[in-house]
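With the hints as extra help, turn the sequences into a complete structure.
There are 2 protein chains.
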Amino acid sequence: MTSPPPHAALKQDAATWFAALRDRICAEFETIEQEAGGAARFQRASWERPGGGGGTMSVLRGQVFEKAGVNISVVDGTLSPDFAAKIPGTEAGAAFWAAGISLVVHPRSPKIPAVHMNTRMIVTAKGWFGGGGDLTPLQPGTPEATEDAAFFHAAYQAACDAHDPGYYEKFKAWCDEYFYLPHRNEPRGAGGIFYDYLDSGDVAADFAFTRDVGQAFLAAYPPIVRRRREAPYTPQEREAQLIRRGRYVEFNLLYDRGTTFGLKTGGNTEAILMSMPPEVKWP
Amino acid sequence: MTSPPPHAALKQDAATWFAALRDRICAEFETIEQEAGGAARFQRASWERPGGGGGTMSVLRGQVFEKAGVNISVVDGTLSPDFAAKIPGTEAGAAFWAAGISLVVHPRSPKIPAVHMNTRMIVTAKGWFGGGGDLTPLQPGTPEATEDAAFFHAAYQAACDAHDPGYYEKFKAWCDEYFYLPHRNEPRGAGGIFYDYLDSGDVAADFAFTRDVGQAFLAAYPPIVRRRREAPYTPQEREAQLIRRGRYVEFNLLYDRGTTFGLKTGGNTEAILMSMPPEVKWP
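Top to bottom, those sequences are chains A and B.
Going by my numbering, 58 is the number at position 58 of the first sequence; the sequence numbering is gapless.
Going by my numbering, 276 is the number at position 276 of the second sequence; the sequence numbering is gapless.
Hints are computed from structural coordinates only; laboratory data are not their basis.
Heads up, the beta-carbon is just placed ideally off N, CA and C, and yes, glycines get one too.
One or more hints might be untrue.
The calculated lysine-lysine pairs, modelled on DSS-like cross-linking and capped at a C-alpha distance of 25 Å, are [to be verified]:
1. K170(B) with K86(B)
2. K126(B) with K11(B)
3. K126(B) with K170(B)
4. K126(A) with K170(A)
5. K126(B) with K86(B)
6. K11(A) with K126(A)
7. K86(A) with K126(A)
8. K86(B) with K264(A)
9. K86(B) with K281(A)
10. K126(B) with K264(A)
11. K281(A) with K11(B)
12. K11(B) with K86(B)
13. K170(A) with K281(A)
14. K264(A) with K264(B)
15. K264(B) with K172(B)
16. K86(A) with K86(B)
17. K86(A) with K170(A)
18. K281(B) with K86(A)
19. K264(A) with K86(A)
20. K264(B) with K86(B)
Between beta-carbon pairs, the in silico distance windows are [said to hold, decoys possible]:
21. K264(A) with E239(B): 58 to 68 Å
22. K264(B) with Q236(A): 27 to 37 Å
23. E177(A) with A95(B): 26 to 36 Å
24. A95(B) with A219(A): 33 to 43 Å
25. A154(B) with Q34(A): 52 to 62 Å
26. I243(A) with T31(B): 26 to 36 Å
27. R227(B) with F151(A): 21 to 31 Å
Right under this line is the structure:
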């Protein structure tokens, strides 16, 4: 009988944090809609996981945000033997607990980049944090895309540097490696940071880092939206955006571990596929 | 030293057949476009496979056919050890040869079902045929969808029954099993037939069956297109069609063996993803 990891004592705090972060992000996005003269609000829908726990989807369909989805979930149960074999801390038993927040934004304007972020805490016989954020310009190669990527990375670098001087380089490289489409020989976007299995030995520090990564999203993305939202665009630029969104679909359905694992093992389909762009073209 | 399978002597005949079938199908689709007052023609583009061989994509973007793609390919080389382990006849060597035709049609009108068909011959130390055809109504559950499915199945059943009284039931069931979306708990469409590893011992009969399956497509699908193409539809029906097309994307990128294997092992991306619908929504 081993003692549980210190993360077990943080389950309630972590779940509360992810819900609070969700509320702040949703409020900020609704404010941005209002600034643009819109009145769209997030619609919420809860789901239960047959094996234990559940979650809440929040979806905004607005003027600036063609589709923005924010999921939170707190789930627990027993991992299947196949899956347990890939997860740390399951040698003596396949019980797990996980909570997190996951977000994908598909703006209407091709001038505004799409974005994804998530953070999570997992508890088995071990405990760890994971997450990150990454930006997907829909007009890659333009000066604006370069400027936005630099701004976005700076916000995440600040969050990293406040905790460990090695985090940013390490987690930036991990992000670049993860969000890559081999069949296109292309990165998904402009990167950001990605980390997993974070267990430094100081659980309070790791949780604080994960909170800061979540807050970094609010520093990293809304200013880009406000900077780009009034830029005019042509029907041709809209068309190019819809085609580039196809890459996002290809990545998520072919390679994204959370998506493919979730869909193939009975996860909540609507919540998982909330990440799909609202309109896509493969002409 | 074992002697090659009798299929090896049919390589040229098979490749010639697939190209001839492609020509007949393309001509029929162009005729349907002309009947509708259009002048759209198939655009052809050839590609070479780095490991050996290549293929030709033919894509029609017209009034009736929003996007119709017909691929033929003749490829050869050496299978990777991982892949060879899944392929019959590779115990003594991983050399392979394969030729085939593959087709996906996404009509503009939601009243016309989408369709997929392919047939192929593979030669390793063994040889076999595979293929099939399946229909995807975009307004499932309607009387028209039921009527179209019955007509489509009847054409393939006739092709099957001419060769073996057990083929249709067996290959219909295989199709239903294969084209299924577990995460939606839904079949992809109305089914059809699917067969693989066909090597009855009579290679001439198997090749004749494969030719008849290819010709059955011309009996099964164009009459449905002509029957439905003038039916009016509403913007709401078009929207529902675009959403249902998302299921097609989900199936092909999550489950379709040809798509996922091809993309993950350096196949021709443009040819493989020709199957993607031209416009899709996940609202």
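Hint check results:
1. K170(B) with K86(B): holds, 22 Å
2. K126(B) with K11(B): holds, 13 Å
3. K126(B) with K170(B): Holds, at about 22 Å.
4. K126(A) with K170(A): Given that 25 Å is the threshold and the Cα spacing comes to 22 Å, the pair holds.
5. K126(B) with K86(B): Distance of about 13 Å is within 25 Å: holds.
6. K11(A) with K126(A): Distance ~13 Å between K11(A) and K126(A) Cα, so the pair holds.
7. K86(A) with K126(A): holds, 13 Å
8. K86(B) with K264(A): holds, 21 Å
9. K86(B) with K281(A): Not OK: K86(B) and K281(A) at ~34 Å, beyond 25 Å, violated.
10. K126(B) with K264(A): violated, 33 Å
11. K281(A) with K11(B): violated, 37 Å
12. K11(B) with K86(B): holds, 22 Å
13. K170(A) with K281(A): violated, 35 Å
14. K264(A) with K264(B): holds, 18 Å
15. K264(B) with K172(B): Outside the cut-off at roughly 29 Å; violated.
16. K86(A) with K86(B): With Cα atoms ~23 Å apart, K86(A) and K86(B) stay inside 25 Å; holds.
17. K86(A) with K170(A): Status holds; Cα separation ~22 Å.
18. K281(B) with K86(A): violated, 34 Å
19. K264(A) with K86(A): holds, 15 Å
20. K264(B) with K86(B): holds, 15 Å
21. K264(A) with E239(B): 58 to 68 Å: Violated, at about 29 Å.
22. K264(B) with Q236(A): 27 to 37 Å: Since K264(B) and Q236(A) have Cβ atoms about 32 Å apart, the given range 27 to 37 Å holds.
23. E177(A) with A95(B): 26 to 36 Å: At 34 Å between Cβs, range holds.
24. A95(B) with A219(A): 33 to 43 Å: Distance hint for A95(B), A219(A) is violated at roughly 57 Å.
25. A154(B) with Q34(A): 52 to 62 Å: Holds: the Cβ-Cβ distance is about 58 Å, inside 52 to 62 Å.
26. I243(A) with T31(B): 26 to 36 Å: Holds: the Cβ-Cβ distance is about 30 Å, inside 26 to 36 Å.
27. R227(B) with F151(A): 21 to 31 Å: violated, 56 Å
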